[in-house]
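Number of protein chains: 4
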Amino acid sequence: MSKTALIIIDMINTYEHKDADLLIPSVESVVPVMADLLRRARDRGVPVIYVNDNFGEWRSHHGEQLEQALAGPRADLVEPVKPDGDSLFVLKARHSIFFETPLSYLLTEQGIDRLVLTGQVTEQCVLYSALDAHIRHFDVVVPKDAVAHIHADLAEAALRMMERNMGALIRESHQLWA
Amino acid sequence: MSKTALIIIDMINTYEHKDADLLIPSVESVVPVMADLLRRARDRGVPVIYVNDNFGEWRSHHGEQLEQALAGPRADLVEPVKPDGDSLFVLKARHSIFFETPLSYLLTEQGIDRLVLTGQVTEQCVLYSALDAHIRHFDVVVPKDAVAHIHADLAEAALRMMERNMGALIRESHQLWA
Amino acid sequence: MSKTALIIIDMINTYEHKDADLLIPSVESVVPVMADLLRRARDRGVPVIYVNDNFGEWRSHHGEQLEQALAGPRADLVEPVKPDGDSLFVLKARHSIFFETPLSYLLTEQGIDRLVLTGQVTEQCVLYSALDAHIRHFDVVVPKDAVAHIHADLAEAALRMMERNMGALIRESHQLWA
Amino acid sequence: MSKTALIIIDMINTYEHKDADLLIPSVESVVPVMADLLRRARDRGVPVIYVNDNFGEWRSHHGEQLEQALAGPRADLVEPVKPDGDSLFVLKARHSIFFETPLSYLLTEQGIDRLVLTGQVTEQCVLYSALDAHIRHFDVVVPKDAVAHIHADLAEAALRMMERNMGALIRESHQLWA
Chain A
0 MSKTALIIID
10 MINTYEHKDA
20 DLLIPSVESV
30 VPVMADLLRR
40 ARDRGVPVIY
50 VNDNFGEWRS
60 HHGEQLEQAL
70 AGPRADLVEP
80 VKPDGDSLFV
90 LKARHSIFFE
100 TPLSYLLTEQ
110 GIDRLVLTGQ
120 VTEQCVLYSA
130 LDAHIRHFDV
140 VVPKDAVAHI
150 HADLAEAALR
160 MMERNMGALI
170 RESHQLWA
Chain B
0 MSKTALIIID
10 MINTYEHKDA
20 DLLIPSVESV
30 VPVMADLLRR
40 ARDRGVPVIY
50 VNDNFGEWRS
60 HHGEQLEQAL
70 AGPRADLVEP
80 VKPDGDSLFV
90 LKARHSIFFE
100 TPLSYLLTEQ
110 GIDRLVLTGQ
120 VTEQCVLYSA
130 LDAHIRHFDV
140 VVPKDAVAHI
150 HADLAEAALR
160 MMERNMGALI
170 RESHQLWA
Chain C
0 MSKTALIIID
10 MINTYEHKDA
20 DLLIPSVESV
30 VPVMADLLRR
40 ARDRGVPVIY
50 VNDNFGEWRS
60 HHGEQLEQAL
70 AGPRADLVEP
80 VKPDGDSLFV
90 LKARHSIFFE
100 TPLSYLLTEQ
110 GIDRLVLTGQ
120 VTEQCVLYSA
130 LDAHIRHFDV
140 VVPKDAVAHI
150 HADLAEAALR
160 MMERNMGALI
170 RESHQLWA
Chain D
0 MSKTALIIID
10 MINTYEHKDA
20 DLLIPSVESV
30 VPVMADLLRR
40 ARDRGVPVIY
50 VNDNFGEWRS
60 HHGEQLEQAL
70 AGPRADLVEP
80 VKPDGDSLFV
90 LKARHSIFFE
100 TPLSYLLTEQ
110 GIDRLVLTGQ
120 VTEQCVLYSA
130 LDAHIRHFDV
140 VVPKDAVAHI
150 HADLAEAALR
160 MMERNMGALI
170 RESHQLWA
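Chains as they are written, first to last, in numbering that gives the first Met the number 0: chain A, 0 to 177; chain B, 0 to 177; chain C, 0 to 177; chain D, 0 to 177.
Extracted from the complex, chain A is given alone in its bound form:
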C-alpha cells in the first residue's frame, strides 16, 4: 500500500529575493488553497514535510527562518501555511528538495512512496523536485492550484513536462483528501 506525504516547498519566505514581485500574485492565490489542503492532510494524519531553502544561512535553523518570515512584511503569506508541532523539516541549500539533503533517507525510513508537491516555484523548484522524485521512483502528485509560479507560460509547460515525462498526476487541490 502506498503511503503519502504532503511536501511544502520554500513557503517559509521573506519574499525579498529577486523575482519576488512576479511571484507574489501567484502566491497570494495559492496560500488559501494550500491552507485548506494542509488542514485536510493534518486531519487525516498525513505526514507534512517542509523543505525549505536555507538561503545560504548556515548559522540559522528553521525556527529562526520561521520567526524572520513571520516578522517580515509578508507574514500574511506565511502565517496560514506555517508548520505545527507535528511538522517535519528538511533544509536544502539548492533548488531540488533532494539535492544533498536527507529527504530521500527520511522518506524511505518512514515508508513514504508518494509525494504531493506544493509550494513555489512551479517551473523551478517544483519541477526539479518532481524530476528528482521520479528518478528515485517516488510517485508524484501536483495540485496545480497549490503551486505558485513566476512565469505562467513556463509553469504551464512545466506541468505538462511533469505529467508527460515524469509520470506525475496533475490535480486540483479539492480532489485530494476530499
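Worth flagging that the hints you see were computed from the coordinates, not collected in a lab.
The model shown is predicted, which means the values in this text are computed figures rather than measured ones.
You can take every hint at face value.
Any copy, or any two copies together, can satisfy a pair, since identical chains are not distinguished.
Straight-line Cα separation of at most 20 Å, SDA-like style, residue types lysine to any residue; simulated pairs:
#1 Lys81 with His60
#2 Lys17 with Met165
#3 Lys17 with Arg163
#4 Lys81 with Gly62
#5 Lys17 with Arg159
#6 Lys17 with Glu162
Following the hints, put chains B, C and D in place on chain A, whose structure we already have.
Quick look at chains B, C and D alone, frame taken from chain A:
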C-alpha cells in the same frame, strides 16, 4: 581559466524505444550538425564525453552498445557521431547525466567547469542534465541545433528554462569553436 | 592556498545512547583539549562547523538539540565546546558527516579544502567521515587527543587506517594553531 | 523475504599497483575459496555483481579491463573468478562500491537487500563498502576467507569494526550456500 568539454547524451541508440517515431525527424536534422561540432571539438583537443543510458543492460558495456546501434536499422544516425579512441564514457541508468554516475567526479578530476550539452532529448535528459550541472556550479552551453526533441513546444520551453533559470547560454552550433 | 575548517562531530549530545558508559571517560579527557582548540581556531578566524546527528528527530533543530543537551545530566561535557554566534551547522541523519548532507556543498562554496576532524566516535563517525572526506579529495587532519573512542584498540586501528589509507595527518592538538 | 547478491570487489586486476606485493599472498589464498563460493552462488541462481575500479581509465570498459587482466602476469588470480555471461557489472572510480556509482539503484531495482562482500582489500574497499551498505540499510555478510588484505592486523580490526559497528555477519565461506 575555464575548461570546456563536449557532452554527447544518449546518441548511441537503436531507436527502438517508445516515442522513437516522434524523435527521429529531429535527430535526423541534428546528426550532421553534431558531426561538424564533434569534428571541430576534436580538432581543438576539446575533451568529448559520451554519457549514455545503459537501458537496464547491466551485463553489457559501451562497446557492445555501440556495436548493437551500428548493426541496427538506424546506424546512419549513429555512425557520423560515434566515439573515437580518445572519447571518454560514462554510463547512466536514469535520465540525468549526473544521477548516480561518476561524471561529476570525472569532470572535477580533469578540471572541467563548462559543459556543451548536445544530444537527446531536449525537454528531457538535456533539460535535466542542464539543471544538475547548474546545481553543481558547472557552466552550461546548449547549441540549440545540436539537441533533438520529441515535442517542439516543450523543447522550446525547456530552452527558455535553461536560459532563464539555469544560467545556460543558448547558442547556434556554428558559434562554437568557429 | 589551502583553507581549513574545524569540524566538531556529534558533541551536542545527551549521552543517553547505547555505549555512552564506554564513551564518556574518553569524552571527559577530550572536552578540555577540544575547548582549547576551539578557542585557538576562533581567535584565528578559522570557520567552525558543527555536524551533529539529528537522532531521528526530524521535528527539532540544532537550537533545540543544544538546549536539550545543556539541560541534561552531562551538560558539563557540552558547555565547554558549545557553538557561538559564528558557528555553522549541518545536521546529519546517519554516521558520516557527508552522507546525504549539504556539507560538501557548504565546504566548496566557502573554498574550504582541509578539515580538522574532532569529536566522537574515533572508530565510527570520525573514521567514516575521514574516508568520505578523502574520497572527495579534502585533506584531513585528526588531532588524536581531540577525538573520543568507545574501544581503545579499534580507535588505534582507525587512526592507523586514516593515516595509512586515507592520507590523513595524525597530530596532537597543541600542534594546531599553536 | 531477503534477496541476496554476491559482490566481487576489484578482482579484475593486473596487480601492478602500489602495495601489490603485500596483497598478492593474501589474494592467492582467497582465489580458490572465492571460486568455490562463486560456483555455489551461480548454481543457486544468486545474482553476481562485479564492482571494479576503473583505475582512471575513462576510455576503456569492463571487457577491456578483463582482457588486460587475463593477458597480464597474474592471470592465474583472475581466471578462476572471472565473470560469466550472467554477471552484472558496475564500474567505480573511487574506493567504495557505492560512491558515485549506480549500484544502489541497481540493487533496489532488483529487490536485493543483502550483500555478500568478497574481494579486496579487507581493510580498505571492503570496509568502506560495508559501511556504505550499512548506512543505506543493506544487510552485509563478509566471508572472512574470501576477502584479501594488505595488513593482517588492520584487516582483523576492520572485520571487528564491520561486525560490531556495521551489523555485518562475519562468516566462513563454507557456511554460505552450503
